Amino acid sequence: MESTSLVVLLLVFAAIGFGVLVYAVTKGSHYKQGETLRVAHAPKDYPEIEWNVELLPGLEKPAKEGEAETFSVPSPPFSEDVFPCSDCHEDMDPNPERRVLEMAHEEIVLDHGPKSRWCFDCHNLEDRDKLRLVSGSLVDFKESYKLCGQCHGTIYRDWREGIHGRRRGYWNGHKSYLLCAHCHNPHKPRFKPLKPLAPPIRPSSQHFTEPSAEQTSKSEGGHS
Amino acid sequence: MSQDYAGKAPAPRVPCDVAHKGAADGGLNRREFLAGAGLTAMSAIATTVAGAAPGFIESMLRRHFKELSPDEVQERLRLLEEEYSSRFGKKVTVAATPPMENVLFGYALDLSRCIGCRRCVYACVHENNQSRDPQIHWIRVLEMAKERGIDLEEADPYYDHDTVPQEDSFYMPVACQQCRNPPCTRVCPVQATWQEPDGIVVIDYDWCIGCRYCMAACPYGARHFNWGNPQIPAAGLNTDMHVLGNRPRVAGVVEKCTFCIQRVRKGRYPACVEICPVGARKFGNLLDENSELRYLMREKRVFVLKEDLNTQPKFYYFYAT
Ligand code: SF4
Ligand code: SF4
Numbered sequence: 001m002e003s004t005s006l007v008v009l010l011l012v013f014a015a016i017g018f019g020v021l022v023y024a025v026t027k028g029s030h031y032k033q034g035e036t037l038r039v040a041h042a043p044k045d046y047p048e049i050e051w052n053v054e055l056l057p058g059l060e061k062p063a064k065e066g067e068a069e070t071f072s073v074p075s076p077p078f079s080e081d082v083f084p085c086s087d088c089h090e091d092m093d094p095n096p097e098r099r100v101l102e103m104a105h106e107e108i109v110l111d112h113g114p115k116s117r118w119c120f121d122c123h124n125l126e127d128r129d130k131l132r133l134v135s136g137s138l139v140d141f142k143e144s145y146k147l148c149g150q151c152h153g154t155i156y157r158d159w160r161e162g163i164h165g166r167r168r169g170y171w172n173g174h175k176s177y178l179l180c181a182h183c184h185n186p187h188k189p190r191f192k193p194l195k196p197l198a199p200p201i202r203p204s205s206q207h208f209t210e211p212s213a214e215q216t217s218k219s220e221g222g223h224s
Numbered sequence: 001m002s003q004d005y006a007g008k009a010p011a012p013r014v015p016c017d018v019a020h021k022g023a024a025d026g027g028l029n030r031r032e033f034l035a036g037a038g039l040t041a042m043s044a045i046a047t048t049v050a051g052a053a054p055g056f057i058e059s060m061l062r063r064h065f066k067e068l069s070p071d072e073v074q075e076r077l078r079l080l081e082e083e084y085s086s087r088f089g090k091k092v093t094v095a096a097t098p099p100m101e102n103v104l105f106g107y108a109l110d111l112s113r114c115i116g117c118r119r120c121v122y123a124c125v126h127e128n129n130q131s132r133d134p135q136i137h138w139i140r141v142l143e144m145a146k147e148r149g150i151d152l153e154e155a156d157p158y159y160d161h162d163t164v165p166q167e168d169s170f171y172m173p174v175a176c177q178q179c180r181n182p183p184c185t186r187v188c189p190v191q192a193t194w195q196e197p198d199g200i201v202v203i204d205y206d207w208c209i210g211c212r213y214c215m216a217a218c219p220y221g222a223r224h225f226n227w228g229n230p231q232i233p234a235a236g237l238n239t240d241m242h243v244l245g246n247r248p249r250v251a252g253v254v255e256k257c258t259f260c261i262q263r264v265r266k267g268r269y270p271a272c273v274e275i276c277p278v279g280a281r282k283f284g285n286l287l288d289e290n291s292e293l294r295y296l297m298r299e300k301r302v303f304v305l306k307e308d309l310n311t312q313p314k315f316y317y318f319y320a321t
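One line per chain: the protein sequences are A and B, in this order. For what it's worth, the working numbering labels the leading residue of the first sequence as 1, then goes sequentially. For what it's worth, the working numbering labels the leading residue of the second sequence as 1, then goes sequentially.
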């Protein structure tokens, strides 16, 4: 009688142990062969991104000893065929009235500061190829930062010092910077959200290749 | 390389048999025996070595990078260039550009701007020839709740949203903090990692024994181990290399961010600085009063990560607004 219950008990233990073993081998293993969710993303998965950042012409070399640093800037980001504005506006009578634009520029949605804002707060009524500061003086589109800086003084100062915005090139020499309008649409300046690149894969789904004999013989450096 | 070790192992056994027989005969004295044993052992080793991979002997006899004479460094660079050029089928340059005088590199990251887009992560993989699979990322972007502030316990590096930034979150990229007082270099039993005069903490991949003490010592999780053979597609290889930086690694060594040593020692900005779409990343010389870094240290709220550990990072986080 006693020995029978002992055998039953042993059998139960064995069954539990076996179950645990099976679970550990199947579910518990870290890397599952053919796991579809596991994709180790790499730069080549994003062909639209320019990984080898091209420098502006003239920036390919560092500054020489004693040579002054240059700051270059790409031309302002006009929509295609829109500049010079005078091409179209020359033959038109300037119309300063506030209205919904219908003949051209309908795509522009003004979402920048107070509702009262209007084209001629920044654009110049008479000479359309220029921008106009509050003081009344005209500035080139290439110097639009002066216009932006009228309201955004602290950011303008940070930008001038290289703290706001992007710089490329040489930390100790020639570099390029961008105009405010390169990153912020002046009519709708809030930075648009982006799709983030893929997250790293979790350590549990990493998989490792053993160094093959061929690779080992080729890589003479190290302790593979 | 396992076959090499396997081949060598039986060598010492042979003399034991010889000794036994010799003693029985009484015809072989100790000196002769030792000479014979030595010869047998040596020939065994010689056979193994002759059959070993080319370059194996050199790799075993190599000295520490800092002990190499300028000529030896050049020779080493040439060998590496040859090796990589033939392995990847394209022309590779490996430089040992030295540090500049009066330069101490520093880095700053604007937490009020970073949107967590991970462009920097992959630009770094591309620039520094990180293994694609197994995947190694030197930069890890942490997502944290604005409500909680910097709370590393709750930080999520695996976030995957349709768009970033998420309203209630902020993002904190973390890589090597290039400490002035680095715990990682101190624990290395073979001095395979050290701080250069321009402040960059580097690793000699030829000298690293893969013990991973430095990984345990680093409070920022900045160091990564090559558990497997690193895979880099030839098409994605960055051929502009530095011997202490982005040259391809092998299984069994540790690697980490070097501020793009191959770029910054030639004056260029690091790759992550140039790729960041919001311009959150700033780089320069801490000893130059007019540098971007010194300006932001004067004008902005600046902090370092885990300041209480006295690692004294040269990587600063700041808020521009
Ligand atoms: S690229 Fe810039 S914005 Fe994007 S995660 Fe890196 S630091 Fe943040
Ligand atoms: S962050 Fe880590 S790897 Fe970098 S210097 Fe500090 S302790 Fe070393």
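Think of the hints as simulated: they come from the structure by calculation, not from any bench. Honestly, I wouldn't trust all of these hints.
Claimed, not checked - With a straight-line Cα cutoff of 30 Å, these simulated DSBU-like cross-link-like pairs (lysine-lysine) come out:
no. : chain 1 : residue 1 : chain 2 : residue 2
1   : B       : Lys146    : B       : Lys266
2   : A       : Lys61     : A       : Lys115
3   : B       : Lys91     : A       : Lys192
4   : A       : Lys146    : A       : Lys44
5   : A       : Lys115    : A       : Lys146
6   : B       : Lys90     : B       : Lys300
7   : A       : Lys192    : B       : Lys300
8   : B       : Lys66     : A       : Lys188
9   : A       : Lys188    : B       : Lys300
10  : B       : Lys300    : B       : Lys66
11  : B       : Lys66     : B       : Lys91
12  : B       : Lys91     : A       : Lys64
13  : B       : Lys146    : A       : Lys61
14  : B       : Lys91     : A       : Lys61
15  : A       : Lys115    : A       : Lys64
16  : B       : Lys306    : A       : Lys64
17  : B       : Lys300    : A       : Lys44
18  : A       : Lys61     : B       : Lys306
19  : B       : Lys90     : A       : Lys44
20  : A       : Lys64     : A       : Lys188
21  : A       : Lys142    : B       : Lys90
22  : A       : Lys188    : A       : Lys130
23  : B       : Lys300    : A       : Lys146
24  : A       : Lys44     : B       : Lys91
25  : A       : Lys195    : B       : Lys146
In this text the structure is predicted, and so the values were computed from the model without any measurement.
Taking the earlier hints as the rules, which of them does this structure contradict? 1, 2, 3, 4, 6, 8, 10, 13, 15, 16, 17, 18, 20, 21
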